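Colleague: Construct the complete structure from the given sequences, taking the supplied hints into account.
Respectively, the protein sequence lines represent chains H and Y.
Start counting the first sequence at 1; every next residue gets the next number (the UniProt record's numbering).
Start counting the second sequence at 1; every next residue gets the next number (the UniProt record's numbering).
To be clear, the hints were calculated from the coordinates, so they are not data collected in a lab.
The model shown is predicted, which means the values in this text are computed figures rather than measured ones.
C-beta: ideal position from N, C-alpha, C; glycine also.
Heads up, some of the hints might be wrong.
[Claimed, not checked] Only pairs whose alpha carbons sit at most 25 Å apart, straight line, appear in this in silico DSS-like list of lysine-lysine: (1) Y:K23 x Y:K224; (2) H:K81 x H:K226; (3) Y:K212 x H:K442; (4) Y:K203 x H:K281; (5) H:K104 x H:K158; (6) H:K158 x H:K202; (7) H:K248 x Y:K224; (8) H:K248 x Y:K237; (9) Y:K206 x H:K241; (10) H:K104 x Y:K203; (11) Y:K38 x Y:K212; (12) H:K115 x H:K170; (13) Y:K41 x Y:K206; (14) H:K120 x H:K104; (15) Y:K203 x H:K248; (16) Y:K22 x H:K202; (17) Y:K160 x Y:K176; (18) Y:K38 x H:K199; (19) Y:K33 x H:K442; (20) Y:K206 x H:K442; (21) Y:K23 x H:K442; (22) H:K81 x H:K104; (23) Y:K41 x H:K202; (24) H:K202 x Y:K224; (25) H:K281 x Y:K22; (26) H:K281 x Y:K87; (27) H:K281 x Y:K186; (28) H:K133 x H:K120; (29) H:K104 x Y:K176; (30) Y:K212 x Y:K22; (31) Y:K186 x Y:K176; (32) H:K199 x H:K104.
[To be verified] Just the calculated beta-carbon pair ranges, DEER-fashion: (33) H:L40 x Y:P106: 45 to 53 Å; (34) H:P253 x Y:V37: 26 to 34 Å; (35) Y:E28 x H:G378: 16 to 24 Å; (36) H:L40 x Y:H183: 43 to 51 Å; (37) Y:E28 x H:V470: 24 to 32 Å; (38) H:K226 x Y:K237: 50 to 58 Å; (39) Y:S200 x H:K170: 43 to 51 Å; (40) H:D200 x Y:E159: 53 to 61 Å.
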Amino acid sequence: MNSLPSTANSDNGRHENGETSTGDARDRDLMLNFLGKVRLSATTRGDAKEEDEGEESPTELNTINSAGGFLIVSPDKLSVKYTNTNLHGHDVGVVQANKPAPFKCLTYYFEIFVKDAGSKGQVAIGFTKESFKMRRQPGWEVNSCGYHGDDGHLYRGKGTGEAFGPTFTKGDTVGGGINYASQEFFFTKNGALVGKIPKDIKGDLFPTVAVHSQNEEVSVNFGRNKFAFDVKGYEASERNKQQIAIEKISIPPNIGYGLVKTYLLHYGYEETLNAFDLATKTTVPPIHIAQEDAIDEDDSSYDLHHRKTLRELVRTGEISAALEALRTLYPQIVQDDRSVVCFLLHCQRFIELVRDGKLEKAVKYGRLELAKFVGLTGFQDIVEDCFALLVYENPEESSVGYFLKDSQRELVADAVNAAILSTNPNNNNVQRSCHLHSHLEKLLRQLTVCCLERRSLNGDQGETFRLHRVLSNNSTRR
Amino acid sequence: MSLFRILINQLEEEDEEMATSKKVITREGWEKKLNAVKLRKEDMNTLVMNFLVTEGYVEAAEKFQRESGTKPEIDLATITDRMAVKKAVQNGNVEDAIEKVNDLNPEILDTNPELFFHLQQQRLIELIRQGRTEEALEFAQEELAPRGEENQAFLAELEKTVALLVFEDASNCPVKELLDISHRLKTASEVNAAILTSQSHEKDPKLPSLLKMLVWAQNQLDEKAVYPHINDLSTGKLEDPAE
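Modeller: As structure tokens, then:
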């Protein structure tokens, strides 16, 4: 499948304004993705500052929304004492943390230490909603849950509890936690796990402590001091459990080989592909890649050699030569000088001039080729960022330094590759979507969406899935 | 209505409830989500490089570094050494393999008595295969028996291996699988894994784990939603949700 594009398919070329067929519109959408990718590389600095970082955690007890009159919160807002003599069940002294438990993580956990069990030892630890009635034990009302010291029972939404664990009293450290992955509450006593129950409450949950008889006194640790319970170890074992469940799943043997092969084909890494092919055939035993049919179906070997040549030109910064080659081989790709591919190539040429320190030439080139994109939504911001390179003495270290990185060349090379794939006359409309994504990429996208979707159905609780994190986690476990 | 009927009806109602409580995501909506995923090319390249390096395709890894600019996570020269060891075992040159491992890092065998035993056992198997019975016995007594005394499991393995000598024609032997090529491959992959571990590198590539994770993630999501699946991992073809 290495035929040169026939003259017939140069009719497929895009026209500046009138998108004549849905196919063309779709091609344009596909290519516009690459502009998104440019912006992505501008924002992703090691994944660190994505949304779930910097979630606030409880730090102290809430002194405003608590059952005043029955209890006193200490000046450091980290301990609470019942000062009244309780008369009936509605005189519980309840206090919540100042903030709800963070939820964009695997677990949340806090501990209390019972300083004094008072006259009846009716201390409780649990989680409640913001609107919780502050004179009721956590767990007595719906949308709350609590582990009670006097009977060791667990209460969740009813006046009666269920047998759960040991009682706790003066001198005991008791912890309450939420496991967002399994959607469970768990409780601990003196550093050991007591038990867990399903979490059926949605929305924000506040760490909550209750005292209910004279002189009961409890201090709270929101993580400022070392916990009695090994939370990190618990998290690790929960992760491990999941990992073991995943490793148990069986997939067809050697399936990775076919995916790597189609990936290399898709992106035009021809030399790698040849070396890989040769090696898989000569290993003992030879690896039979079963997906030959699937590969042909997608026609991913289309114009492999041309794609390889162009990739190499872009990757070595020979942008003028790349444009020249495209004019000769694929005039339909470059006939519209305002297409995404042309735009990216012109930007890259500009970037290469800056890299070589030819600033004056860069300015001239920019005026000639990039100025026409100013005013076009989706293009202008990138043009501006490109020109920003001129401002800095050391542009590599500037906020637009990503343009000078290898990954930018790779991105432009990928865009050219996708544009060439879209000229394949054998593609019908269904296969058009294949241009942009290799099989491997489709699988990774599906994986990501499944994980995100599941998380979103859990009220956005738990860790987000990030491929980058999975890949950089180079543990030598197992 | 009989009690049985009532029960059946109840079950059916529950079934319906289960079905309706699942979120239904159309193909169009799903594809929109798929396209919105911010996937970085470098990450995919890293994944492919990790596969090439871990599986030991050194030439392909070199080319890939050149063609994609992806840095391999370990020195590519160490792959060549590792593959030379692996190949030696695959070809039955166990003595050579042991020497090569020790050249690479003598700690590998010192800290892995089980691996060292398996290599010695493989060497014994090769001697028996070649009909060098006397040599084989001498080797078993001098090198392997002392290790068997230290470890019951090793002793059992050793006895099993020596049993190969009982039959003149090994194809009649109940432990003939030891002579099979697959046993060499098993030993080879064990030594391969040990070398990778000694280089603080995972012994398995990440790609198969991610594929398993995909199957797992789909299973998990199935409990809560109906959406288009990928069932064929080799093509990544998106299939409409079952009615």
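Colleague: Within 53 to 61 Å or not, the Cβ separation of D200 (chain H) and E159 (chain Y)?
Modeller: 58 Å Cβ-Cβ, so the 53 to 61 Å window holds.
Colleague: Does the alpha-carbon distance linking K158 (chain H) and K202 (chain H) stay inside the 25 Å limit?
Modeller: Given that 25 Å is the threshold and the Cα spacing comes to 17 Å, the pair holds.
Colleague: Assuming the hint says 45 to 53 Å, is it satisfied by the Cβ distance from L40 (chain H) to P106 (chain Y) or not?
Modeller: 47 Å, holds
Colleague: Could you grab the alpha-carbon distance between K38 (chain Y) and K199 (chain H) and see if it respects the 25 Å cut-off?
Modeller: 31 Å, violated
Colleague: Does the alpha-carbon distance linking K281 (chain H) and K87 (chain Y) stay inside the 25 Å limit?
Modeller: 14 Å, holds
Colleague: Holds or violated: K160 (chain Y) with K176 (chain Y), Cα cutoff 25 Å?
Modeller: With a Cα-Cα distance of about 10 Å, the restraint between K160 (chain Y) and K176 (chain Y) holds, given a limit of 25 Å.
Colleague: Is the straight-line distance between the alpha-carbon of K133 (chain H) and that of K120 (chain H) 25 Å or less?
Modeller: Status holds; Cα separation ~22 Å.
Colleague: Starting from K33 (chain Y), check that the Cα of K442 (chain H) is at most 25 Å away, please.
Modeller: 12 Å, holds
Colleague: I want to verify a distance hint. Is the separation of the beta carbons of E28 (chain Y) and G378 (chain H) within 16 to 24 Å?
Modeller: This hint holds: roughly 23 Å between Cβ atoms.
Colleague: Hey, K23 (chain Y) versus K442 (chain H), does the alpha-carbon distance stay inside 25 Å?
Modeller: 22 Å, holds
Colleague: Do the Cβ positions of L40 (chain H) and H183 (chain Y) conform to the proposed distance bound of 43 to 51 Å?
Modeller: 49 Å, holds
Colleague: Are K203 (chain Y) and K281 (chain H) close enough, with their CA atoms no more than 25 Å apart?
Modeller: 22 Å, holds
Going through the hint list in order, the structure does not satisfy hints 5, 10, 14, 18, 22, 23, 25 and 29.
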